[in-house]
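Protein chains in written order, with full-length UniProt numbering: chain A, 1 to 464; chain B, 1 to 464.
Please note that the accuracy of each hint is not assured.
Note that the list lumps identical chains together, so a pair holds whenever it fits in one copy or between two copies.
[To be verified] Pairs of lysine to any residue, SDA-like flavour, derived with a Cα cap of 25 Å:
no. : residue 1 : residue 2
1   : Lys-156   : Glu-104
2   : Lys-429   : Ala-444
3   : Lys-57    : Asp-18
4   : Lys-259   : Tyr-269
5   : Lys-294   : Asp-231
6   : Lys-126   : Ile-296
7   : Lys-105   : Phe-292
8   : Lys-272   : Ile-296
9   : Lys-105   : Gly-158
10  : Lys-394   : His-7
11  : Lys-429   : Ser-172
12  : Lys-13    : Arg-449
These are calculated hints, taken from the structure and not from any lab test.
Number of protein chains: 2
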Amino acid sequence: MSLTVNHVFNDLKAFLKDHQVTMNKTMRVQHSHDESYHKTSLPDVVVFPNSADEVSKIVKVASEHHTPIIPYGLGTSLEGHVIPYDHGITIDFSKMNKVLEVREKDFLVRVQPGITRSQLNKELKKYGLFFSVDPGADATLGGMAATNASGTTSVKYGVMRDQVHDLEVILSDGQMIHTGNLAQKSSSGYHLNSLFVGSEGTLGCITELTLKVYGIPEHIVAARASFTSIDDAVEAVVSILQAGVPIARVELVDEPSMKQANLFSDTNYKEKPTLFLEFHGNEPGLNHDVEFTKEIVADHLCEEIYFEEDNAARNRLWEARHNLAYAYIHGNPGKKLMVTDVCVPISELAGAIKHAREKVNELDLHGGILGHVGDGNYHVLLMLNTNDAEEVKKAEQLNQQIVDYALQRDGTCTGEHGVGIGKMKYQQKEHGQALQVMENIKSALDSKRIFNPNKLIHQKGRSV
Amino acid sequence: MSLTVNHVFNDLKAFLKDHQVTMNKTMRVQHSHDESYHKTSLPDVVVFPNSADEVSKIVKVASEHHTPIIPYGLGTSLEGHVIPYDHGITIDFSKMNKVLEVREKDFLVRVQPGITRSQLNKELKKYGLFFSVDPGADATLGGMAATNASGTTSVKYGVMRDQVHDLEVILSDGQMIHTGNLAQKSSSGYHLNSLFVGSEGTLGCITELTLKVYGIPEHIVAARASFTSIDDAVEAVVSILQAGVPIARVELVDEPSMKQANLFSDTNYKEKPTLFLEFHGNEPGLNHDVEFTKEIVADHLCEEIYFEEDNAARNRLWEARHNLAYAYIHGNPGKKLMVTDVCVPISELAGAIKHAREKVNELDLHGGILGHVGDGNYHVLLMLNTNDAEEVKKAEQLNQQIVDYALQRDGTCTGEHGVGIGKMKYQQKEHGQALQVMENIKSALDSKRIFNPNKLIHQKGRSV
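Excised from the complex, chain A in its bound form (with noise of 0.2 Å):
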């Protein structure tokens, strides 16, 4: 144990309880990972603060020793972004999981940071109210703010950026700001929700969110459309989405994907390259955009397209495509995931799901391709031996191919799981100049470079 991390443990244990600070060798180990194929690193001192005040003195006393801090939710980030490779303090956010306000009136809530999803809208449904950014993990709320998250319903409703109305933030001098406020919209200086959400950790620690929540719709259908090829299935999204139908949700999922999931989920979905659908709305108008979409499809050559008429089917549905990482992750036990992420503009989403194709075969590797294809972004996902070397090269080629395809088009390296250490390499490519802004803005805020360093933005000189 360092010098500077005992200074660090003993000034820490000034004022949080014993069992809110720690350094026992298993509770660094479980913060050392998330989801990914990303190696790992131990923080050196784990705390789980009860307070936004608590915050406030933890990244004050890691000010004063220069010490990172990297903010912690359940660690289901997809790009290393909890890992604490310059070791430091890992604030784990799990005793603040509060819902502090539901306004069902203005259609807000205000919850603490260490809320997942699921919770949220446990409580949210006493109200006719439902939380609409739903990723595949049940993340908490503070990750997902931290990296932008998205998931199946953004076609309709948005992505975490859109519901952020006001975060409670503690800077690197340890002093709290609120980035916005309650009302609908606002032109009152510069907008720092939409700063702060996505700038995973780098900014500053996220203490308390006010959301935007909906009412649970009036009428629900949800259905399966199969196809005979993936290439039917992405036209048919796309012709859906230029027709106008205000589709809720629609996601493709490869016939690799469907086999894996019918396994996990113990489902006996048809498995071929298929299209999951969700439409919300008033009975006739949702009816009407139902037998709209029929045609749609079947110009496409749909094989099938089934509903699902009851609340279990539909629940059921949906939890077999929010498994499926898990899916893959079950199915290859020993294997580590990897997921490519690009989202291009949707003219270019089937050649972009072609080509991804074409690269996964030309490399020998096996995965599944999915996603939520009508905002233009989908996942190939990969499940990796790390220990072979020559796969992850294959593997990180396949990504880099991925991801050149996608900034060619104007398209992003990531449209969900945020850039974290693995995205790192493609930011100068994607934002060129703008990334001098961006590191002008990080050195503005934390110039000690406290929070989460060397992710999303390298610290000038080093090599990551």
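Here the structure of chain A is known, so what remains is to put chain B in place on it, guided by the hints.
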């Protein structure tokens, strides 16, 4: 003419044609004001660039001489944003007003900043598309992005910030960046789009915008609903929103404003507190929404709801609404417009409007109340004799009281008009410590403070 101005002029002449750079008094006077009551001030030089490259060179000249740059669209701002209180160079973007690309399949359009919203919509109509944001003025898209403008449709389609996918921006050193990409969503790096939207020309010059557009809805229905009291009208809006009706527009116009509208627009609408409504969607769904809305307004003592069946009548309705500020200006020759612009959580809207009406009466001022009440955003319009110090003082007192009321309820001092010079005095109260973060960002990106100086954010040690 000062020596510096002379140098600046000569340096600009080195690469701009004669008609692109002027110190002509008439032209300077034209660029000395906006549409508000704020006092005027002359720029030293006005330039008319044709390209981003020319803008970059202009910024370099300004940077070299520490001369202010004021980006200028059409001068329709309402808080003095474009008034050059520190003189310098006004960049008039009227020559950069082209649609550069319509990507109809991606629902995106790329435009230059000097194009107005009506010019853009005329072009988009050929493709069956429309751009949603519609402030009262036929403002330029560059100006609308700079203030994060909104209008009658934001309750359904969102504000300017929600439409911006990418900006081309010239920074204070003359370098060009892109703030985004063409994908539907992205988690790659800090969200510069949202930082530059609403930055009011204080961080850089926008030279190109890529914006989200929408398919013209299959079916549109507009209506006017008249109420006995303004309170009933406001409460009807709150009920419509809380019932989850996906209304596309819901605007409040009070009795005095209905009178002004009839006079100016040659309409004969009932002169009662009125809601202007619009519904977008497929026919069966929309009919269902209309019937539901009829029931809700009836519950709130609606006297009459009148549906505008044909296109011409519908356009007349919205034109009358959009022209309301001009109706007041036209009806009060010699006077200047002052408009309050707070936005409050929906649950606070009825109370806020009631409070505003009481204060108007108490101060013996005369004005109308109207606004985008579906967002919780409303305006008190006052026509001021700016030579009457007492009247101006009373109007400022009213503004202060209305802002205080909104801030006490976690609202904002400006829902859509921006800060400019008029709302700077409320920034500390609204943002607290977060104002320092904004200040740090300003310093990091424009250390010489050449971009629209002393707007939105004070320079330390200066009072304005």
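Hint numbers contradicted by this structure
10
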